[in-house]
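> Order-wise, the sequence lines are chains A and B.
To convert, note that position 99 of the first sequence is 99 in the working numbering; the numbers rise steadily by one, no gaps.
To convert, note that position 283 of the second sequence is 283 in the working numbering; the numbers rise steadily by one, no gaps.
Hint data in this document are derived by calculation from the structure and do not stem from the laboratory.
One or more hints might be untrue.
According to the in silico footprint, chain A covers these stretches of chain B (three or more CB under 8 Å from chain A) [stated by the list, open to error]: (1) 100–110; (2) 200–213; (3) 235–242.
Computed Cβ-Cβ distance ranges for the label pairs, DEER-style [said to hold, decoys possible]: (4) Gly170/A - Pro239/B: 34 to 40 Å; (5) Thr275/A - Ser124/B: 37 to 43 Å; (6) Ser82/A - Ala127/B: 44 to 50 Å.
By construction, the Cβ of each residue, glycine as well, lies at the ideal position given by its N, Cα and C atoms.
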Amino acid sequence: MSAASHRAETRKAQALHQQRLRFADTAFRWLVAGSATVVLVAFVATAFFLVRKSWPALSHYGVLSFIDSSRWTPSTAVATVSHPNPYGVLQFVYGTVLTSVIAMLLAVPVAVGLALYITDIAPQQLRRPLAYVVDLFAAVPSVVYGFWGIFALLPVLHPIADNLSSWLGGIPVIGGVFAGPFFGPSYFAAGIVLAIMVLPIVTAICREVFAVAPVSEKEAALALGATRWEMLRMSVLKRSTAGIFGASLLGLGRAFGETIAVTMLIGNSVLSITTSIFGQGATMPSVIANEFTEATEPFHLQSLFVVGTLLLIITLIVNVLGKLVVSRISETIA
Amino acid sequence: MILRKTLLAAGALVALLASASVGSAKTAAPAQQSATKPAPLCNTKLLTLRPHYPDPVKPLAGAASSLSGAGSTFVNPIMSLWASTYAKQGIKVAYQSIGSGGGIAQIQAQTVDFGDSDIPMLDSELAAAKGGPILHIPLVVGGVVLTYNVKGVGAGHLHLDGPTIGKIYAGEITKWDDPAIKAMNPNTPLPSENIAVVHRSDGSGTTGVFTDFLTKTSPDWVSKLGGATTSQGKTVAWPVGIGGKGSDGVSALVGQTEGAIGYVELSYAISAKLPYAYIKNRSGAYIPPCTATLAAAALKTSFPADLRTSLTWKPAPNAYPITATTFALVYQNQTDAAKAKALVNFLSWVLTTGQNFPASINYAPEGKILQQKALSQLNKITVGGKALVNIPISFK
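Please build the complete structure, drawing on both the sequences and the hints.
Given below as structure tokens:
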């Protein structure tokens with residue numbers, strides 16, 4: 001057998017092999033693209049469904065009338081008149097944002113500290129168990145958090161809230177935020193339970209972010225005489241700003257949509273906007289959970305779909321904004 | 001060293017959790033120490049509250065072996081008792097306790113064999129029913145009670161009237177030692193505590209009954225809510241207060257919140273060991289809710305032909321003023337003969353033998369008049385234009 005024919009044989013085999021590869025590649029590509037399409041189609045279909053279901057109410061009352069009122073008063077007597085709109089939703093947007101902000105204010109500092117401790121400070125044999133315990137928090141069903149909130153958290157919160165409102169109640173502006181009386185279920189209580197619920201996800205992402213900080217830089221900082229805190233600040237925290245922000249946004253997404261624990265703790269007042277965090281309110285998910293089974297008044301159910309649509313839009317905006325900011329920060333770092 | 005610190009932190013966490021549970025026990029205590037004070041009105045022998053109505057209907061042959069129902073949570077405790085007892089006859093009654101509004105929606109859409117609502121269907125709701133005319137069949141009598149959690153005020157020591165409750169729920173009375181409450185309770189030490197108003201956050205027949213009572217008795221409530229059409233219903237625009245989801249949610253909040261007042265069906269208050277108030281009735285007497293006083297409200301009352309009526313604020317001297325009946329909602333013209341027969345069998349059993357059970361779980365049986373009126377509705381159920389039963393009715 002000549003060398004040439006041998007080469008030809010090999011080439012043929014290679015070509016065959018390549019062809020097979022190409023087929024596998026194409027099939028795989030379609031499969032993966034299919035999965036991506038399913039997600040996209042499901043999202044568009046959900047959005048379309050929400051808008052279609054809310055359309056009767058939107059066209060009856062007008063789109064803007066929903067967000068310039070904070071009175072939600074479903075009743076047969078007033079629902080059929082198209083003006084004023086009895087289904088104002090501003091207070092639900094406010095409630096959703098306020099409880100989530102309370103949650104993030106409490107959760108993010110703790111999560112960053114916790115993640116730093118796990119990645120860089122805790123003794124080696126404690127890191128994994130501690131990480132497991134934090135992750136376990138995410139596995140607790142939210143109804144259990146609500147239950148725990150009512151029976152264990154509220155009694156503990158009472159003296160704290162009473163003191164806060166008596167110390168700070170007299171100060172202008174801030175006093176309004178902490179104005180009593182505190183009865184238990186409130187924005188404050190819901191925000192605290194939300195903080196506990198978003199803690200695991202924020203901590204987990206922060207941990208990943210901190211873990212990729214280059215060891216060489218850390219060692220360099222220490223070698224230059226930096227204290228442990230200075231080392232963490234310069235070589236870990238500084239480059240992780242975008243990561244922490246991203247983690248917070250994912251936590252915020254969770255907080256926006258959380259339903260049952262918030263419903264059990266927020267006090268479910270659908271009528272107005274209260275400036276005090278000790279007041280009662282409602283969020284977009286909580287009003288849907290409370291009312292959809294009995295939404296028998298005219299346009300009641302359709303208006304709940306409006307709330308659902310709005311929740312989707314707001315979550316979308318927050319996520320897109322967050323992604324934009326994160327990408328901008330990473331660009332400046334690079 | 002660091003490990004020891006961590007252990008210390010873990011210890012502190014445990015201590016915190018322990019103190020949390022102690023704290024909760026402390027707040028729940030005033031509610032639990034309340035042993036219901038025997039009230040003379042409520043000592044009527046249970047025997048007289050077991051009417052032993054004879055069942056005039058022989059179970060129709062060829063009936064289906066299962067029935068599905070949905071609606072009121074108010075009726076759920078007694079409905080469960082009926083269903084489990086009736087199951088011994090080989091018929092399964094599956095009842096979903098989803099709320100009166102849900103019950104109305106499901107019977108309108110014909111997805112269940114019977115619905116159940118604590119307040120009668122409106123004309124507009126009847127018009128939206130897919131299967132034609134709907135009959136209202138009252139099943140049992142129950143009461144909505146005002147439960148409370150006030151330091152130093154035990155069971156049976158709080159008297160309230162409609163106008164005052166209306167002002168509390170309108171946000172016009174905010175302290176427990178308000179002169180209006182004091183005037184009704186001269187011998188009860190009322191603390192200067194904020195009133196935490198608790199109401200249902202979900203639509204509910206219980207709310208419908210309660211706001212019906214407020215609308216009849218409290219002009220302040222009506223004007224605060226903007227008129228009698230918006231001041232009553234399964235959902236209203238609560239001017240103040242904390243919303244609890246479901247009857248259980250309300251009783252949990254009242255038990256946990258010092259200074260709270262809330263309304264639930266009587267058996268929910270009893271099972272949560274919460275005290276409840278005596279309410280001033282139309283004859284001017286303060287009446288505790290119990291089987292005898294609930295039954296009194298349903299006696300000697302005149303009913304419209306379709307039985308769509310309310311039992312609140314009735315004039316009988318011993319009647320508890322926030323009394324309600326719950327209605328089974330059934331299509332008059334049935335399409336499935338087997339289901340229709342099962343329905344008639346079950347409902348006639350509930351209205352006769354079944355009336356011996358309510359007193360044992362703090363509802364009341366229907367009085368003779370209401371029971372006969374309810375039975376007469378069964379005569380109207382038809383399959384293919386023909387009535388299934390012809391029960392002789394006697395009105396006394």
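> None of the hints should be skipped; say for each whether it holds.
So, going through the hints one by one against the coordinates:
no. : hint                            : result
1   : 100–110                         : holds (count 5)
2   : 200–213                         : holds (count 4)
3   : 235–242                         : holds (count 8)
4   : Gly170/A - Pro239/B: 34 to 40 Å : violated (27 Å)
5   : Thr275/A - Ser124/B: 37 to 43 Å : holds (39 Å)
6   : Ser82/A - Ala127/B: 44 to 50 Å  : violated (21 Å)
Hint compliance for this structure: hints 4 and 6 are not met, and every other hint is.
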